[in-house]
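Novice: The lines below spell out each chain.
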Amino acid sequence: MTFFLSRLLRQPAGLAGSLMLAAVLLLALCAHWLYPGDPWAMVADPNLPPWSPGYPFGTDMLGRDVAAGVAHGARVSLLIGFVATAVAVIMGTALGAVAGYHGGWIDDLLMRFTEISQTIPGFLLALLMVAIFGPSLYSIVGAISVISWPSVARLVRAEFLSLRTRDFVKAAVLGGQTDLRIVFRQILPNTLSPIVVAASLMMATAILLESAISFLGLGDRRLISWGFMIGAGRTTLLQSWWLSAIPGVAIFVTVLGLNLLGDGLSDVLDPKLRRER
Amino acid sequence: MDRLLFFARRCLKAVLVILFVIAINFALIRAAPGDPATILAGEAGAVDAGFVERIRKEYGLDKPVPVQLLTYMKQLLTFELGNSYRENRPVKEIVLEKLPATLLLTLTAFVFSVIVGVGLGIAAARRSGSVTDTLITAGSLVFFAMPLFWIGLLAIVLFSMKLGWLPPYGMSTVGADLTGWQAWMDVAKHLLMPAITLGLFYVAIYTRVTRAAALEVMDQDFVKTARAKGVPDGRVWRHHILRNSVLPVITFISLQAGHILGGSVLIETVFAWPGIGRLAFDALFQRDYNLLLAVFFVSSVMVVIFNLVADLLYSLADPRIELQS
Chain A
2 MTFFLSRLLR QPAGLAGSLM LAAVLLLALC AHWLYPGDPW AMVADPNLPP
52 WSPGYPFGTD MLGRDVAAGV AHGARVSLLI GFVATAVAVI MGTALGAVAG
102 YHGGWIDDLL MRFTEISQTI PGFLLALLMV AIFGPSLYSI VGAISVISWP
152 SVARLVRAEF LSLRTRDFVK AAVLGGQTDL RIVFRQILPN TLSPIVVAAS
202 LMMATAILLE SAISFLGLGD RRLISWGFMI GAGRTTLLQS WWLSAIPGVA
252 IFVTVLGLNL LGDGLSDVLD PKLRRER
Chain B
2 MDRLLFFARR CLKAVLVILF VIAINFALIR AAPGDPATIL AGEAGAVDAG
52 FVERIRKEYG LDKPVPVQLL TYMKQLLTFE LGNSYRENRP VKEIVLEKLP
102 ATLLLTLTAF VFSVIVGVGL GIAAARRSGS VTDTLITAGS LVFFAMPLFW
152 IGLLAIVLFS MKLGWLPPYG MSTVGADLTG WQAWMDVAKH LLMPAITLGL
202 FYVAIYTRVT RAAALEVMDQ DFVKTARAKG VPDGRVWRHH ILRNSVLPVI
252 TFISLQAGHI LGGSVLIETV FAWPGIGRLA FDALFQRDYN LLLAVFFVSS
302 VMVVIFNLVA DLLYSLADPR IELQS
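Protein chains in written order, with my numbering: chain A, 2 to 278; chain B, 2 to 326.
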């Protein structure tokens, strides 16, 4: 573990990505302590410009502290990004594993299903789902995972297909191990590296998707989020453009951090693995 | 014969995608909390009980679920998309009216992103390790991590509000009453910012893909042979490396078609571009689900058609594809 971390941090991409993410994570963890109370509360005069005393990012048209919104928004973005990715990875891995391990008509059926799911306009489907089920943390996480799993399924299936024919798996079969045991003990551990790399890149996309959904006004109304702040700032874009600009920088840093970390991880975990998208 | 079989298979897949989309629409209507008829009726159901009743009849919602699905499929396959209660006219009419604007926007963004992305990718690979390469690679990382709608807002602030170069909203100047060439130029001016904003994300992707592909192709034997034969450098790049580096980009393009339509919802909302993306946004807020479902359906059909065309072009460009599929 220490060896792995030191290799990751010795790389420019891995180091920069880890630092960016660590900063965002720290902000999310300290949000309650830095800005206690409700980020929706009006705390000062409206429309204070950035660098006002006590309000480094200024305030919005209702006098809410933008810095408090950015800090609390970090929790929402990271939470939704992480959970949606986890759900998508589990769905994709399960499907890809069954397809790749079983092969034959089941593989055919599942892969056609995966391809079809990948073809349809995902973002529109996500919007439809959130609109129909009502905007909430659950519907947003559900919608993002439903449109994200296919790439993991394809990746895992390809890994399973190639690993299935390897000698150590044949040995396990001859040794009388059950299918479940072979999948979980022999093959799955060997597919973890590409899955981890794909997951970090997928989390970046999930955060972008969440911000877009919230920007369009479909976010969970109880939670402040970066996308929502950008959307709300639109109405006063001419007078106070920073209301939209600042939360966008937060999204940018987080997504860039995750992408860089993904690049770094892919080099450390598997030098042969070329970045696939 | 091979090509015919290949194409028949692709057509079959296209039909499957469309049936799948219809099934999703149907499942969403059924799974939504509350009565499916009220979902289809939108807010109008609350004021007009007779309207809900009519919808129930029209979609056969009083019959068993499999019959309902078949009725719904028949309706969508004949493009009977129902009515929009808000505008009180057929959804089909509204969508068809807005479709050209979206096609103009997405196709422009698409052409822009392919040309610039492939160009930058090749330029970076050609001077791999140089300052140019570093700048292009860093730039593509940056644009890959920015939310489209945010770039759009910043572009409006900079190019419309501060510099006054380009119009911030809409597709044409309201009340200008231009004709002929001037009208075209007016639309082009309005198109520039939304199309480039929408395209930037894909420029970033295509740059990365092309650069990686070109670096791989560069090392292959046929390139070395060409160089050993004394083929000039420019020709090697144009005829040997570029052609082979573009193939993975084409594979990406068919995956991106649905993605770019999703992006156009955001871009059309930011720039008030009067297409089906903007229509979807309005439908969201008026809770006009029937219209929203129709936009999803029509977008999927467009993606399917686009992919069929791309497949055909691909099979012409690279005959090997038939052996692989």
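I should point out that these hints are in silico values taken from the structure, not numbers from a laboratory. Quick reminder that beta carbons are idealized off the backbone N, C-alpha and C, glycines included. Any given hint could turn out to be false.
[Unchecked claim] To give a feel for the contact side, a few chain A residues facing chain B, derived at Cβ under 10 Å:
| no. | residue |
| --- | --- |
| 1 | Leu6 |
| 2 | Ser7 |
| 3 | Leu9 |
| 4 | Arg11 |
| 5 | Asn48 |
| 6 | Leu49 |
| 7 | Ser53 |
| 8 | Pro57 |
| 9 | Leu125 |
| 10 | Ala127 |
| 11 | Ala132 |
| 12 | Leu238 |
| 13 | Ile252 |
| 14 | Gly258 |
[Claimed, not checked] Per label pair, the in silico range of CB-to-CB distance:
| no. | chain 1 | residue 1 | chain 2 | residue 2 | range |
| --- | --- | --- | --- | --- | --- |
| 15 | B | Asp220 | A | Ala159 | 20 to 28 Å |
| 16 | B | Arg90 | A | Phe83 | 51 to 59 Å |
| 17 | B | Val143 | A | Ala45 | 27 to 35 Å |
Novice: Take the hints in turn and mark each one as holding or not.
Specialist: Quick rundown of the hints versus the structure:
| no. | hint | in the structure |
| --- | --- | --- |
| 1 | Leu6 | 23 Å, violated |
| 2 | Ser7 | 24 Å, violated |
| 3 | Leu9 | 18 Å, violated |
| 4 | Arg11 | 19 Å, violated |
| 5 | Asn48 | 16 Å, violated |
| 6 | Leu49 | 19 Å, violated |
| 7 | Ser53 | 20 Å, violated |
| 8 | Pro57 | 20 Å, violated |
| 9 | Leu125 | 5 Å, holds |
| 10 | Ala127 | 8 Å, holds |
| 11 | Ala132 | 5 Å, holds |
| 12 | Leu238 | 6 Å, holds |
| 13 | Ile252 | 5 Å, holds |
| 14 | Gly258 | 8 Å, holds |
| 15 | B:Asp220 x A:Ala159: 20 to 28 Å | 24 Å, holds |
| 16 | B:Arg90 x A:Phe83: 51 to 59 Å | 44 Å, violated |
| 17 | B:Val143 x A:Ala45: 27 to 35 Å | 33 Å, holds |
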